[in-house]
Structure formats: C-alpha cells, structure tokens
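Q: Take a look at the letters that make up each chain.
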Amino acid sequence: MTVIYLDNNATTRVAPEVLEAMLPFLREAYGNASSMHGFGGNVGKFISEARERTAQGLGCSPEEIIFTSCGTESDNTAIFSAVRSQPEKRHVVTTRVEHPAVLNVASHLEIAGYEVTHLKVDELGRLDVQELEDSLRPDTALVSIMHANNENGVIFPLERIAEIVKSRGILLHTDAVQTVGKLPIDLQKLAVDFLALSAHKVHGPKGMGALFVRRGVPFRPFMLGGHQEKGRRAGTENVAGIVALGKAMEMAAAGIDEENSRVKALRDRLEQGIMDTVPDVRRNGDPESRLPNTTSLAFKYIEGESILLMLDQHGICASSGSACTSGSLEPSHVLRAMGVPFTFAHGSIRFSLSRYTTDEEIDLVLRELPGIVSRLRAMSPFTGNDETAAGCAC
Amino acid sequence: MWDYTDKVRDHFLNPRNAGPMDDPTVVGEVGSLACGDALKLFLKIDDTGRITDATFQTFGCASAIASSSVLTELLKGKTVDEAAAITNKEIAMELGGLPREKMHCSVMGQEALESALKRFRGELEPLVKPEGEIVCKCFGVTDVQIRRAITENDLTTVEEITDYTKAGGGCGECVLDLERILAETRGTEPAKPKPAAPKRKLTNLQRMQLVTKVIDEEIRPSLKKDRGDIELLDIEGAKVLVSMRGACSGCPSSQLTIKELVQRRLRDAVDPDIIVEEVRS
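Chains as they are written, first to last, in this note's numbering: chain A, 1 to 394; chain B, 1 to 281.
Calculated from the structure, these hints are not laboratory results.
Here a beta-carbon is modelled for each residue, glycine too, at the ideal position from N, C-alpha and C.
A portion of the hints provided could be inaccurate.
If you want the footprint, here are the derived chain A segments under chain B, 3+ residues with CB under 8 angstroms [as the list claims (entries may be wrong)]:
id : stretch
1  : 110–121
2  : 337–347
Computed list of chain B residues with no C-beta within reach of chain A, every gap over 12 angstroms [stated by the list, open to error]:
id : residue
3  : Asp23
4  : Thr79
5  : Glu114
6  : Gly122
7  : Glu152
8  : Thr156
9  : Glu179
10 : Gly187
11 : Gln209
12 : Val214
13 : Ser222
14 : Leu233
Facing chain A, according to a computed beta carbon distance under 10 angstroms, are these residues of chain B, among others [what the hints assert, rightly or not]:
id : residue
15 : Pro20
16 : Gly31
17 : Ser32
18 : Asp37
19 : Cys61
20 : Ile65
21 : Ser68
22 : Ser249
23 : Leu256
Given only the sequences and the hints, what does the whole structure look like? Please build it.
A: Here it is as structure tokens:
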C-alpha cells in the first residue's frame with residue numbers, strides 16, 4: 001500500500017539529495033574531524049561548508065551557528081545559557097503552547113526557584129502582545145516564544161515580539177523548529193538572540209539540530225567536554241548529520257516562496273474539501289497567520305485515534321491532538337490552552353504537508369475521510385445530540 | 001502507536017452490533033465527552049430474562065469501540081444473571097488483551113452493562129448521581145469505582161488505577177486520595193515517609209566538625225564531578241550557610257542541588273533539623 005504521508009510536522013522524509021550528500025561520511029569518510037591525521041581532519045572542511053549553508057539559509061554568519069543533536073538540545077542550550085549567564089535575573093517568560101522542549105525546561109526552572117510567566121493564547125491560538133509587554137520585568141532573564149506552533153501552525157508575530165523584548169534589553173529565544181524551511185527567515189532583520197532548528201523537519205535526518213546564537217550574546221555551554229564547536233558544544237561531530245543539515249538547508253532555501261505557494265494551495269484544497277463535505281468540522285487556529293503546510297481540524301462527536309487508525313487503513317498518515325494517541329488522557333495542552341470545546345478537542349486531526357505531497361494524495365484523503373467520519377459518527381452516542389454531549393458529569 | 005491485537009483491530013474496523021436499537025428493553029450509559037470515552041449499551045431482554053439482542057454506541061478510541069463490540073457479542077444469548085457476572089477482565093481477555101493504558105475501556109464496558117442491568121432491575125433511575133463520592137474531578141471517577149477496580153483486577157499501584165479507571169490521569173490532584181484508597185482497599189498502610197533520623201545531641205563544635213566532614217568527604221567530590229563546588233561559610237545553630245562555586249555558581253539547578261543533595265545528606269548524617277541556605281556573593 002502506498003503511504004500518503006501528511007504528518008510532516010512530526011518528521012519529514014529525508015530528501016534523496018540529502019541522503020546522497022551524507023552517505024560518504026557514513027561509508028568511506030568516517031574519520032573524526034578532530035583528528036590530527038588528514039583522513040579525519042579533512043572532513044572538517046565539509047563541516048565548514050555545511051555551517052555556511054546553514055547560516056545562508058538563516059541570513060546569519062557561520063560563526064553564529066552551533067551544531068547540536070536536535071531541536072530539543074538547541075532549545076535547552078539556549079534557555080540554560082540565558083539564565084546561567086544572568087544569575088541575578090530570576091524571571092522567564094514563555095507561552096502555554098510551547099513544545100515540551102521549552103515547557104519542561106521552564107518547569108525545571110520553576111522548581112529551581114525561578115518565576116515563570118506563561119502567556120495565554122486566545123481561541124485562535126494567538127498571543128496577546130500587550131500581555132507579553134506587561135509581563136516583562138527588570139529581572140526577566142529570557143523570553144522564549146516559539147515562531148510557529150507545531151499543532152495548529154499558528155505563527156506568532158516574532159518581529160513585533162523582538163521589538164518589544166529587545167527594547168527592554170532582554171534576551172529572546174525562539175523555537176523555530178516548525179518554521180525553518182517553511183518560512184523565509186532573515187536573522188539580520190529578525191532580532192532574536194537564540195533560534196533553534198531541527199534537521200528532520202526540513203527533509204534532513206533525525207538526530208541533528210542547530211542553534212543560532214547572535215554574536216555578542218553571552219553564552220554558557222550546555223554540553224561540556226572537548227573543544228568541538230569552539231568549546232560551545234562538546235562531543236564528536238556528527239559529520240554525516242552536519243553535512244545533511246547543510247544540504248537540507250540549502251534545498252529548503254531554494255525557491256521557498258514558490259514551494260510554499262504550491263503546498264499552501266494543496267493544504268487549502270484539502271481543508272476546504274473536508275469542510276465542504278463533512279459537517280460539524282472546526283478549524284483549530286488562526287486562519288490568517290499560520291504555516292502554509294498545516295491544518296488542524298476538529299471533528300465533532302468522534303475521537304481522534306479512531307479517525308487516525310481508519311485513515312491508516314488507507315495508508316494515510318496524520319496525527320491527533322486527542323488524548324488516546326498520546327498516552328495521556330487529556331487533549332493536548334495546545335488545544336486546552338485555546339479553549340477548544342471538548343465536543344471538538346477529542347476529535348482533532350492535524351494534516352501537515354511537505355514538498356513531496358501531491359494532488360493525487362490530497363484527492364485520496366478527500367475521497368476516504370468523509371466516509372470514515374460518517375462511519376464513526378454513526379457509532380457515536382453524541383451524534384446530532386448536543387444536549388447529551390453537553391451533559392457532562394465531570 | 002498502540003500495540004493492539006488482531007482481534008482488537010478486527011472489532012474496531014468491523015464492529016459488531018454498532019448503532020442504536022429500536023425499542024430496547026433497557027439502555028445502560030457511562031462516560032461523557034469531557035472524559036473522552038462514552039458508551040451507550042442497548043439490550044433487548046425477553047420474558048425469560050435472556051438477552052436476545054445487544055447493540056452499542058461508543059465515543060472513544062479503537063479499544064473503546066472494540067471493547068463495546070466484543071461485549072455485545074458476549075452478551076447475546078446470556079441470561080441477565082449470567083451477564084451480570086461478566087467482568088472487564090473477561091472483555092479484555094476476549095479481545096486477546098488490551099494495552100495496559102487502555103484497560104479503562106474494558107472497565108467502561110463492564111460499567112455500561114451494570115448500568116443497564118440495574119435499570120432492568122429497577123434499581124437505577126435515569127440520570128441519578130453516580131454511586132459514591134467523586135475522587136477524580138477531571139474524569140468524574142468515584143471512590144466506589146476505584147475500590148472495585150482495585151479489588152477485581154488486583155491493582156497494586158496508583159498508575160494501575162489510572163490505567164483501569166482514568167482516575168489520576170488529568171490534573172493529578174487526586175493522587176494522594178488514590179494512594180489512600182488503594183491502601184484502605186488492600187488493607188495496607190499508606191506509604192509513609194521514612195521516619196526522621198533520631199536526633200543526636202551535638203555540641204556546636206561537634207556539629208561544625210561533622211558538617212565540614214560530610215561536605216568535604218561526600219558532597220564536594222560529588223559536585224566536583226560536574227565541575228562544581230561548594231564553600232561552607234557559617235553555621236548558626238541548625239542553619240548551614242553555603243555558597244556555590246564553579247559550575248554550580250549561577251546554575252539554574254543550584255537550589256535543587258542545595259535542597260536535594262546538600263541538605264538531605266546533612267540531615268541524614270548530622271542533624272534532621274538542619275536547614276541549608278545559599279548565600280549569593
């Protein structure tokens with residue numbers, strides 16, 4: 001059965017060109033870049049090239065890029081660096097809808113005695129910039145706000161946020177794991193101090209990430225050990241991964257606007273097609289400011305895991321913000337923060353497209369999904385009965 | 001992805017007896033949308049007390065639908081008394097097992113059946129309050145449901161209670177209540193914190209020497225492994241004043257280190273009343 005992969009916010013297919021670029025470093029060119037002999041040392045120039053490509057994709061200088069193992073490490077490094085370089089400041093601002101790579105660090109800081117402000121979002125997943133401004137204090141060490149949300153695709157106004165935060169002299173970190181490769185990013189204009197990205201979200205391999213640290217920003221390494229990355233991130237370089245990231249970033253940057261227009265048109269056709277044919281569907285998130293590849297739709301009266309497993313029967317891969325898929329028992333923290341009603345929250349499905357998504361794949365989803373929803377609704381005790389659905393004993 | 005048995009997948013993808021029933025003898029209902037699971041069980045019971053037909057409507061995941069489907073299959077042809085003996089374990093076994101975290105789906109089946117049979121016997125009016133006190137407010141689970149799940153499934157941990165009833169799976173505020181109910185139901189004592197170390201009557205000099213010894217010999221070497229260090233600044237009665245050095249200085253986890261490593265060790269080894277405080281330079 002052909003796989004129709006519409007879960008690209010979770011991970012992406014490794015581009016064939018990226019795979020080709022990295023294979024030599026897994027086969028013959030396996031030397032350690034830190035070695036004194038030429039066999040190992042020569043791979044260092046490929047690391048430099050990849051750093052340049054990554055920097056070009058972000059509009060920054062190669063010296064401002066630190067290679068890491070993933071987006072989570074990049075986020076952790078940025079946050080810990082910011083607070084450790086300003087021990088006198090004990091306040092951090094973030095949002096309620098961040099990825100766990102930020103939220104769990106924030107919780108850790110709270111246990112360690114920091115005060116953390118979690119900014120709210122509205123029913124469309126949007127931030128209140130005024131609330132952000134009001135939350136800033138003289139002892140605020142860091143503001144950490146994602147560029148776009150992984151579940152609903154909502155893009156936060158980072159340029160405006162940066163204006164506010166930087167005017168107060170506060171460090172700003174953004175988790176841009178979902179936007180790198182999907183939105184043009186120019187770090188000469190976007191005044192963030194730290195920016196985290198992950199290779200496997202841009203058709204690179206898993207286990208590879210990068211962190212932008214603006215020149216002049218105080219930095220405290222998270223990984224201690226050897227002198228790699230100028231002592232800013234110890235550990236033998238993942239040469240194949242680094243080369244792959246460089247290639248993936250180069251490919252993402254090439255024709256990003258045209259590719260986004262194509263993907264957005266497919267996404268809109270999928271979304272509109274579903275909303276036209278399936279009753280009682282709601283879009284989760286701001287229809288205006290969101291990633292071109294993402295749509296989160298909530299199907300009333302039915303549960304997300306059931307929809308996913310039935311889609312899986314047709315080879316269609318998506319994801320759900322419902323409880324039963326996550327191992328937790330409640331809907332995702334993002335849907336709860338947005339106040340999505342329970343009647344919809346449990347039945348939320350996210351489709352996230354990529355440069356490899358085709359018209360035919362969207363056609364297949366549009367053909368199969370209405371029947372699946374209809375089948376499950378026929379089994380649901382709440383279908384067509386809002387009164388019963390609202391009669392919650394909990 | 002959950003590791004479902006072939007039978008679970010089959011009952012999910014090809015549910016038996018799905019849909020409402022015209023003119024049922026009795027209907028049993030459990031769950032709600034907010035809880036994320038709900039089951040409506042329709043039974044037709046003849047004059048001899050035998051279940052001649054059973055159908056269901058389920059809101060929930062694959063295992064909830066499969067549990068409902070297999071339950072209706074189990075019920076058909078049974079007498080009311082025979083049906084009353086069906087447990088969640090039997091539902092799960094009939095499916096070839098469920099993932100531990102999904103056992104509450106089988107419990108939901110058993111509870112819907114009980115609700116239906118109680119109504120059949122005239123013991124339950126529509127929309128009565130659930131029996132017992134609500135313990136888990138997130139999922140509306142009562143102490144009666146929790147105690148029964150513990151007894152019938154031989155549950156031994158709070159985590160298992162969550163898997164079988166969902167109680168404790170939301171905000172987690174009821175976890176202490178669940179521990180208490182677990183201990184009461186199993187006839188054991190709730191886990192109590194370890195008794196405090198017996199107080200030792202130490203002179204100031206003895207306390208100072210002992211604190212210095214523990215810091216030098218145990219705590220400092222441990223911190224140095226992470227390139228950190230600690231300096232003992234002063235001791236005022238039971239209060240020990242320290243300053244973090246090296247990598248521990250300015251570390252966001254320094255408060256944790258002080259409370260969980262330094263204070264705990266000094267309390268164990270020197271005096272249970274010791275309070276360690278950091279002096280920031």
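Q: It remains to establish, for every hint, whether it holds in the given structure.
A: These are the hints, each one checked on the structure:
no.: 1; hint: 110–121; result: holds (count 4)
no.: 2; hint: 337–347; result: holds (count 3)
no.: 3; hint: Asp23; result: 17 angstroms, holds
no.: 4; hint: Thr79; result: 26 angstroms, holds
no.: 5; hint: Glu114; result: 16 angstroms, holds
no.: 6; hint: Gly122; result: 22 angstroms, holds
no.: 7; hint: Glu152; result: 21 angstroms, holds
no.: 8; hint: Thr156; result: 20 angstroms, holds
no.: 9; hint: Glu179; result: 18 angstroms, holds
no.: 10; hint: Gly187; result: 28 angstroms, holds
no.: 11; hint: Gln209; result: 30 angstroms, holds
no.: 12; hint: Val214; result: 23 angstroms, holds
no.: 13; hint: Ser222; result: 16 angstroms, holds
no.: 14; hint: Leu233; result: 17 angstroms, holds
no.: 15; hint: Pro20; result: 8 angstroms, holds
no.: 16; hint: Gly31; result: 8 angstroms, holds
no.: 17; hint: Ser32; result: 4 angstroms, holds
no.: 18; hint: Asp37; result: 8 angstroms, holds
no.: 19; hint: Cys61; result: 4 angstroms, holds
no.: 20; hint: Ile65; result: 6 angstroms, holds
no.: 21; hint: Ser68; result: 8 angstroms, holds
no.: 22; hint: Ser249; result: 7 angstroms, holds
no.: 23; hint: Leu256; result: 5 angstroms, holds
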